Amino acid sequence: MNLKELYQEIILDHGKNPRNLRKSENFNKDAKGHNPLCGDNVHIFLKLDEKKKIEDISFEGSGCAISMASASIMTELLNGKNESQTKEIINDFLEMIKNKDKLDNDNLNENEKTKLMSLSGVKQYPMRVKCATLAWHTLTSAVNDSQEDLNIEKI
Amino acid sequence: MNLKELYQEIILDHGKNPRNLRKSENFNKDAKGHNPLCGDNVHIFLKLDEKKKIEDISFEGSGCAISMASASIMTELLNGKNESQTKEIINDFLEMIKNKDKLDNDNLNENEKTKLMSLSGVKQYPMRVKCATLAWHTLTSAVNDSQEDLNIEKI
Amino acid sequence: MNIENIKKEFPIFSNKVQNNDLVYLDSANSSQKPQIVIDRIYDFYTKEFSNVGRSVHYLAVAATNFYENTRKSVQKYINAEFADEIVFTKGATEAINLVANTFGQKFLNEGDDVLLTELEHHSNYVPWHFLRKTKKININFAEINDFGEITIESIKKAITNKTKIIALTHLSNVTGAILPIKEIISLAHSKNIPVLIDGCQGAPHLNLDMQDIDCDFYAISCHKMYGPTGLGVLYAKKKWLEVLPPYQGGGGMINEVNKEGITYGELPNKYEAGTMATAQVIAFNESIKFLENIGIKNIEKHENEVIKYGEEILRKNNSVKLIGNPKSRGGVLSFNIDGIHPHDIATILDEDGVAIRAGHHCCQILHKKLNLTASARASVGVYNIKEDFEKLNESINKCKKIFDI
Amino acid sequence: MNIENIKKEFPIFSNKVQNNDLVYLDSANSSQKPQIVIDRIYDFYTKEFSNVGRSVHYLAVAATNFYENTRKSVQKYINAEFADEIVFTKGATEAINLVANTFGQKFLNEGDDVLLTELEHHSNYVPWHFLRKTKKININFAEINDFGEITIESIKKAITNKTKIIALTHLSNVTGAILPIKEIISLAHSKNIPVLIDGCQGAPHLNLDMQDIDCDFYAISCHKMYGPTGLGVLYAKKKWLEVLPPYQGGGGMINEVNKEGITYGELPNKYEAGTMATAQVIAFNESIKFLENIGIKNIEKHENEVIKYGEEILRKNNSVKLIGNPKSRGGVLSFNIDGIHPHDIATILDEDGVAIRAGHHCCQILHKKLNLTASARASVGVYNIKEDFEKLNESINKCKKIFDI
Ligand SMILES: Cc1ncc(COP(=O)(O)O)c(C=O)c1O
Ligand SMILES: Cc1ncc(COP(=O)(O)O)c(C=O)c1O
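Chains as they are written, first to last, in this note's numbering: chain L, -3 to 151; chain B, -3 to 151; chain W, 30 to 434; chain D, 30 to 434.
Bound conformation, chain L alone (with noise of 0.2 Å):
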């Protein structure tokens, strides 16, 4: 395992001065995810134009370095995205961090890419890949309106 790869100097810094961590005005989506191992809660706010095009991405909540600093690097990279590059973006997310070591995906740019990459070294704690995906899961249920507030156990 390697320390210094899970927490980058990038992950640390969004971990400490998480961006977008508001309530959007106006919003008109939402979801709350839940890790019960830690207690740890994150509250997702989506303002979507009529075209479903994200106009205005936050979060709420509290959490380790790693969820916060996924929460905040995923509402960076998302503002502005429409409905297929947000789920596209997603999926490529999640596949990565489970098994690939690369990103492929044309809706990010290298600055982009570099930034979500920086939570891959996650892969090698895999009590932690929790941390890391838990805004991205209740995003998705946000983006689906699923009824049920969200426990990450159920992924």
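Read the hints as simulated data drawn from the structure, not as lab findings. Given the structure is predicted, the values throughout are model-derived calculations rather than measurements. Be careful, since some hints might not be right.
Each computed DSSO-like pair below joins lysine-lysine, with the alpha-carbon atoms no more than 30 Å apart [said to hold, decoys possible]: (1) W:K135 to D:K288; (2) B:K12 to W:K165; (3) L:K19 to W:K288; (4) D:K101 to B:K94; (5) W:K185 to D:K288; (6) D:K267 to W:K398; (7) D:K164 to W:K288; (8) W:K164 to D:K267; (9) W:K164 to D:K135; (10) L:K119 to D:K429; (11) W:K165 to B:K94; (12) W:K193 to D:K135; (13) D:K211 to L:K12; (14) D:K135 to W:K135; (15) W:K164 to W:K191; (16) W:K162 to D:K193; (17) W:K101 to L:K83; (18) W:K162 to D:K36; (19) W:K76 to D:K420; (20) D:K162 to W:K165; (21) D:K164 to W:K164; (22) B:K94 to D:K105; (23) W:K268 to D:K165; (24) B:K0 to D:K165; (25) L:K119 to D:K427; (26) D:K429 to L:K109; (27) B:K94 to D:K266; (28) L:K119 to W:K267; (29) D:K427 to L:K12; (30) L:K19 to D:K397.
Ranges between beta-carbon positions, derived for each pair [claimed, not checked]: (31) W:P274 to D:S357: 52 to 62 Å; (32) B:N107 to W:Q47: 30 to 40 Å; (33) B:S58 to W:E139: 52 to 62 Å; (34) D:K326 to W:K288: 30 to 40 Å; (35) D:T163 to W:K288: 11 to 21 Å; (36) B:S58 to D:E110: 51 to 61 Å; (37) D:F136 to W:E139: 20 to 30 Å; (38) W:N138 to D:K350: 47 to 57 Å; (39) W:K427 to D:N34: 52 to 62 Å; (40) D:K337 to L:N24: 18 to 28 Å.
Each residue gets a CB set at the ideal place from its N, CA and C atoms; glycine is no exception.
Starting from the known structure of chain L, fit chains B, W and D with the ligands onto it as the hints suggest.
Chains B, W and D with the ligands in isolation, oriented as in the chain L frame:
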């Protein structure tokens, strides 16, 4: 262990042809015993005179050679015994089965003692001790007017 | 792997028991354990021990992975659709209690019928009996035929329009009858009745395919399946686990807790409250591998040959009366000898190192139906060989001699 | 026996974990196992295996005796009046569920109160919560003070005239507070209220004397007490076990069974349905012997020294905030570091071989009360030494460095 000691002639005889396997007429005390391990049952009947001397003792039920022989020998030996003699013999028998090699009892003659001693081989077969003692414990609860049917596991 | 050499993998057979070679014919009670299963327990405790699912340190992560790997192995072995359909319990008895309790809470009401059979083990009766008291339901028993079998007709006859669930054994632990569960389940489902299979005796001997059988619940006893004691498996269709209430409450099965209320965790956590039998679950993976390596079809074939041979020998021994004569028999042969009580038989056999079980085998209803209080039972595992039944027969003859029969 | 050498009896410490010496500070989660316990399991499976209580053959008789010997050892170890008061369960969680379920069935009615404390583990809350649903009872929580303790006053304040049972922990698995259970029990009994003690954390560290404490129920987790996983002990006063209904139904717990009804077996069989965790029970006898050989008083003293030392070190480390400051502390130290989430701490510590637990430790109510979602916890066993806390402290400093604190 010594199988020959367990299945002595006298046990096999009483096991096959149990004495007093019937229901006493005009019995005034009785109790049922049950061994949940094998499902065996015994029902003891007592006819006591005013002074609590045993006028007649008998039993119904089915079971293994050890339990039938034990009930048979018990009823044979206790017929005609008074209350204190009965209690002493019961106690001495249970003591013998548990941990003694000999039977000290003034209420039995040598011949009777030999009969009773024939059951002592069971000591070496812990799972079979219950077979040998079921009738005796049931008798105790009959003598004591115990309300509940006796469950051998209790003892 | 040579089926004849399997016995060597079980260390117990390399030790003498009271100066005798062990002739172990009590596998329906509990099976012996292969070396790899025992070694796995040893290694886990000596080198890798940690609790699972809670801590994030190295040992805990590794243990959690091992634990979940067993779940996946079991899923694969019994061909369940989802790994979440595998719940670990402390035994088959708990698995059945779990279903009776939670299904009862949610779906049974006064006057409803539960259908069992006369072959059922107490573990598949007492939990339903509890509901007779708390929920005022009725219990019906499908009747056995003269061969000690339960047929589809007998089930048909016993189903009422109030039957809400059927719970029955895969393989009788007394008559050895293998029940036509696939037909029964299909019949039940045509009437919208879910079916629980008590697979205690089925799982060690028969090929298991949950999706093919299509049962709603299947209960397994790991200690009868070359696995450790203190462990069972409940297979349950996801649709049931999702709607049934939790069974036991505690750590690990919750989502969020506050003073006013609780939300429950997702499957399978919802049904695994408290610290589980970690070492046992991890070691059970080796039992599954052991079974897979030999192949359950090979095991079935081998055991069938052995038990057929045993049946032939015992049939030739007059005064031995076999109990039941099912067309398809699993590895169980129960019998009585006229004039000798089963407990006496077992004690005498034991002197020769022949281990069988005597008693009602937790099937008092069946024994009462057959006008018996007890019987003697020889049952086999993958390590038994034909000679075991020859030795059994010799010892039976010794019984007869002692009892002068 | 030299307390400093105890560590050598635990084989796990002679192996490296990821090239590090293992600094195991997660014993409140589960303790490591001494060699004799592991060996007993091994020997039982390789040479002596049989199911207990059912068959009459040699192996079964021997196993049954071993099994019952553990019951007697436990009785003696906790000074229970009768061996029948010792019920084996699959864990403390099941033990508490057993009491909540059966006591609830028999003695709780709509509007009754159950009194818990804010320190309780989910395992001592969720089972009572179930009764809120099925029986419409209320649950009250005695409040902690600023030291993370539960005092007799706090209990006094929370008892109502509808309180029917009090269930509380012996030793908090978060704040480390040892509760004044003897006084609480005596107070409760003066009001005719029975008391259940969750002894998961008490049993491995404190002297146990049931007749002195006089509790009605005491739940023990064997895997936290140098014993195997998948095993717990419920101590319950005979008078309760005699009147409470059975919990699970199955083989071994019955007296007589027929189609219409069932009579239950005597204690302790009534509460031990199905095949029990045979090997685990038998091996747990060695855990008791291990504890007896060292002497619980010596263990307490040793652990107190170690934990006091740890407390001192951590108090000196600024940015480390200890949770709770109880006057009498068991072997548990929970803490937070401003600006670093416990999960991150645990991950970084793990890199140095320091195993702690991070999370809510199944105590969400307590964490919410303290305005926390999670904490880091170091907890000790008999094998811990002062150096372990020095290593912990070094690793904490490494965390601070990484997070630039
Ligand atoms: C105080 C307390 N109660 C209950 C439990 C539950 O014990 P188990 O998980 O062994 O059933 C634990 C351990 O996690 C505990 O620390
Ligand atoms: C048919 C059947 N059902 C249920 C059980 C109970 O299984 P366990 O005792 O492992 O819980 C057994 C084994 O005794 C059995 O043979």
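Each hint, compared with the structure:
1. W:K135 to D:K288: Given pair K135 of chain W, K288 of chain D holds - Cα atoms ~24 Å apart, limit 30 Å.
2. B:K12 to W:K165: 45 Å, violated
3. L:K19 to W:K288: Roughly 27 Å separates the two Cα atoms, so the pair holds.
4. D:K101 to B:K94: 18 Å, holds
5. W:K185 to D:K288: 19 Å, holds
6. D:K267 to W:K398: Roughly 36 Å separates the two Cα atoms, so the pair is violated.
7. D:K164 to W:K288: The hint holds at about 17 Å.
8. W:K164 to D:K267: 28 Å, holds
9. W:K164 to D:K135: 15 Å, holds
10. L:K119 to D:K429: Distance ~23 Å between K119 of chain L and K429 of chain D Cα, so the pair holds.
11. W:K165 to B:K94: 45 Å, violated
12. W:K193 to D:K135: 27 Å, holds
13. D:K211 to L:K12: The given pair, whose Cα atoms are some 47 Å apart, is violated under the 30 Å limit.
14. D:K135 to W:K135: 20 Å, holds
15. W:K164 to W:K191: 14 Å, holds
16. W:K162 to D:K193: 24 Å, holds
17. W:K101 to L:K83: Roughly 29 Å separates the two Cα atoms, so the pair holds.
18. W:K162 to D:K36: 52 Å, violated
19. W:K76 to D:K420: At roughly 21 Å apart (the allowed maximum being 30 Å), K420 of chain D and K76 of chain W satisfy the hint.
20. D:K162 to W:K165: 20 Å, holds
21. D:K164 to W:K164: Holds. K164 of chain D to K164 of chain W sits at ~14 Å (cutoff 30 Å).
22. B:K94 to D:K105: 22 Å, holds
23. W:K268 to D:K165: 28 Å, holds
24. B:K0 to D:K165: 63 Å, violated
25. L:K119 to D:K427: The hint holds at about 22 Å.
26. D:K429 to L:K109: 29 Å, holds
27. B:K94 to D:K266: Within the cut-off at roughly 27 Å; holds.
28. L:K119 to W:K267: This hinted pair holds, its Cα atoms lying about 28 Å apart.
29. D:K427 to L:K12: 17 Å, holds
30. L:K19 to D:K397: Given that 30 Å is the threshold and the Cα spacing comes to 23 Å, the pair holds.
31. W:P274 to D:S357: 52 to 62 Å: The hinted range 52 to 62 Å is violated for P274 of chain W and S357 of chain D, with Cβ atoms some 39 Å apart.
32. B:N107 to W:Q47: 30 to 40 Å: 34 Å, holds
33. B:S58 to W:E139: 52 to 62 Å: 39 Å Cβ-Cβ, so the 52 to 62 Å window is violated.
34. D:K326 to W:K288: 30 to 40 Å: 37 Å, holds
35. D:T163 to W:K288: 11 to 21 Å: The hinted range 11 to 21 Å holds for T163 of chain D and K288 of chain W, with Cβ atoms some 19 Å apart.
36. B:S58 to D:E110: 51 to 61 Å: With a Cβ separation near 37 Å, S58 of chain B and E110 of chain D fall outside 51 to 61 Å, so the hint is violated.
37. D:F136 to W:E139: 20 to 30 Å: 23 Å, holds
38. W:N138 to D:K350: 47 to 57 Å: With a Cβ separation near 54 Å, N138 of chain W and K350 of chain D satisfy 47 to 57 Å, so the hint holds.
39. W:K427 to D:N34: 52 to 62 Å: 54 Å, holds
40. D:K337 to L:N24: 18 to 28 Å: 56 Å, violated
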